[in-house]
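Participant: Chain residues, written in single-letter form:
Protein chains: 2
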Amino acid sequence: MKGATAYAAAFELGKVIPVRAVGQIERSNAQGFEVGELVWGFLGWEQYSLVSDPISLRKIDPTLGSISYNISCLGMPGLTAYVGMLDLGRPVAGETVFVSAASGAVGQLAGQLARMAGCRVVGSAGSDEKVRHIVEKLRFDAAFNYKTEESLERALEMHCPAGVDVYFDNVGGDMLDAVLARLNTFGRISVCGQISEYEGTPKGLKNFSALVHKRAAITGFIIYDHMDKFDAFLPKMAAWLAAGDVVYYEDIVEGLDRIPAAFIGMLRGENLGKRLVKVGSDPTLQ
Amino acid sequence: MKGATAYAAAFELGKVIPVRAVGQIERSNAQGFEVGELVWGFLGWEQYSLVSDPISLRKIDPTLGSISYNISCLGMPGLTAYVGMLDLGRPVAGETVFVSAASGAVGQLAGQLARMAGCRVVGSAGSDEKVRHIVEKLRFDAAFNYKTEESLERALEMHCPAGVDVYFDNVGGDMLDAVLARLNTFGRISVCGQISEYEGTPKGLKNFSALVHKRAAITGFIIYDHMDKFDAFLPKMAAWLAAGDVVYYEDIVEGLDRIPAAFIGMLRGENLGKRLVKVGSDPTLQ
Chain A
522 MKGATAYAAA FELGKVIPVR AVGQIERSNA QGFEVGELVW GFLGWEQYSL
572 VSDPISLRKI DPTLGSISYN ISCLGMPGLT AYVGMLDLGR PVAGETVFVS
622 AASGAVGQLA GQLARMAGCR VVGSAGSDEK VRHIVEKLRF DAAFNYKTEE
672 SLERALEMHC PAGVDVYFDN VGGDMLDAVL ARLNTFGRIS VCGQISEYEG
722 TPKGLKNFSA LVHKRAAITG FIIYDHMDKF DAFLPKMAAW LAAGDVVYYE
772 DIVEGLDRIP AAFIGMLRGE NLGKRLVKVG SDPTLQ
Chain B
522 MKGATAYAAA FELGKVIPVR AVGQIERSNA QGFEVGELVW GFLGWEQYSL
572 VSDPISLRKI DPTLGSISYN ISCLGMPGLT AYVGMLDLGR PVAGETVFVS
622 AASGAVGQLA GQLARMAGCR VVGSAGSDEK VRHIVEKLRF DAAFNYKTEE
672 SLERALEMHC PAGVDVYFDN VGGDMLDAVL ARLNTFGRIS VCGQISEYEG
722 TPKGLKNFSA LVHKRAAITG FIIYDHMDKF DAFLPKMAAW LAAGDVVYYE
772 DIVEGLDRIP AAFIGMLRGE NLGKRLVKVG SDPTLQ
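Those sequence lines, one after another, are chains A and B.
Taking this note's numbering, I'd label the letters of the first sequence as residues 522 to 807.
Taking this note's numbering, I'd label the letters of the second sequence as residues 522 to 807.
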């Protein structure tokens, strides 16, 4: 309900809605920013943006991959997976790592980073197509469709027979409760999002008291607090992508007029991978 | 319910019930343990104990304080407060620290350690007498009686006007929910116990989703995992006690036959301070 109020205030007629976007400099009065250069940062939901604080922009190195990667795997979603999994989850080879929303913008990377650390990686998603994608394309060890499982605890028991050591939580709610019941001693839970709790009254966590006897740590985080890690993250993730250790999927919708539908569809889980909206041509492909 | 089953199994007729206790060596076949020496460790609820693994015993230095301190402030309850507050809570001068069960075996020390770190320290307890004790004797900045407050959130708002940065949780349940609502950004919660959840069906945490936007960390711990810190802890705590920086209150019941009543009374919160049962005389006082 708080969220709804905030959105209403954000969507004012005539007001630019900021969004993390890739752009090419068309005109510049700012030192160090030349016409034709590619940048990313907070621009608007629009085809041309006026940026009064260019210091907030980051320059794009197009040799690192598709320029859209700068707002997906090489940008905030990538850093979110990196910090939440490696710094907070601290996966150790041989452990079992579970990721919810595992085909999403952040989840797909979180799981692959854990696989690279030598873990058994299990994901959940909301369609059979996503489940196949997670196993076949993202190379998780297992995945399940949380919408069709009779019991989340049963599904976790089947796919994580040795329990869960690290949980990368994108959804909160019932899934978090089910993971708490399957969590191993010294388990770590990185809480990245709680999409199940964004609307309505929270049902409340029932298995929270498992925390003490399992000596578990649950940490919520917001990626803006970890921007100091960006410069270390970027070349590493770019190298993993280049080597094929990590793959990344984007779900790109074209056209400014399709933004509302693209956004609502993302909240409904229609996207397979990071949802982006393309409002202009990619100059590196011309 | 699990707890009840475990207790039932533990209390078998004719079986020694182990308990952490102080004793004096009466006879010894073990090298390094001389008759007359004082030790502490797992003995029995009895006047004379046979210890087959003397390596589990620790020798007592009676110059550090009352010998009972070795099973209170200089023993496991002390180490629990030390690790849970300093290592997990990481209080910083100027922050607000809240401790539930604040007059208890662990809580009284947890709060005093935070006060020594320069924090505003607030406690809760279950009687007005305890509340007075917490403020007057333990020198917390404020305390309240959770049984007579109409709203825990209101009480926290009043006593922690700048929010809560660190919560040392001994009780779980509604109090934890109320603290989550008042928790500051980057707040830390050390979950030491959840006595409110030990019986019946857990009601569930409602405010758990605060964790993400508050970037908070909640860590459950069991002190046995931190025994490697004991040797660093002991001289420090002894020095703080000797200097009067920290005070400690024990609630001693005398007589082997009063053990059941003493134990049940402790679960009911009748004790003011660490409840101990004295089953013999203190040789250092003779």
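No lab work stands behind these hints, which were simulated from the structure alone.
Given the structure is predicted, the values throughout are model-derived calculations rather than measurements.
Beta carbons: idealized from backbone N, C-alpha and C, even for Gly.
Take these hints with a grain of salt, some might be off.
Among chain A residues calculated to face chain B with C-beta under 10 Å, some are [to be verified]: (1) Lys580; (2) Ala731; (3) Gly741.
Listing some non-contacts, in silico: residues in chain B with all C-beta distances to chain A over 12 Å [unchecked claim]: (4) Ser573; (5) Met637; (6) Leu697; (7) Lys727; (8) Val733; (9) Ile743; (10) Asp746; (11) Pro756; (12) Trp761; (13) Glu791.
Pairs of lysine to aspartate or glutamate, EDC-like flavour, derived with a Cα cap of 16 Å [to be verified]: (14) B/Lys735 to A/Asp746; (15) A/Lys724 to B/Asp695; (16) A/Lys735 to B/Asp746; (17) B/Lys724 to A/Asp695; (18) B/Lys727 to A/Asp746.
Participant: What are the numbers of the hints the structure violates, in ascending order?
Facilitator: 1, 6, 7, 8, 9, 10, 18
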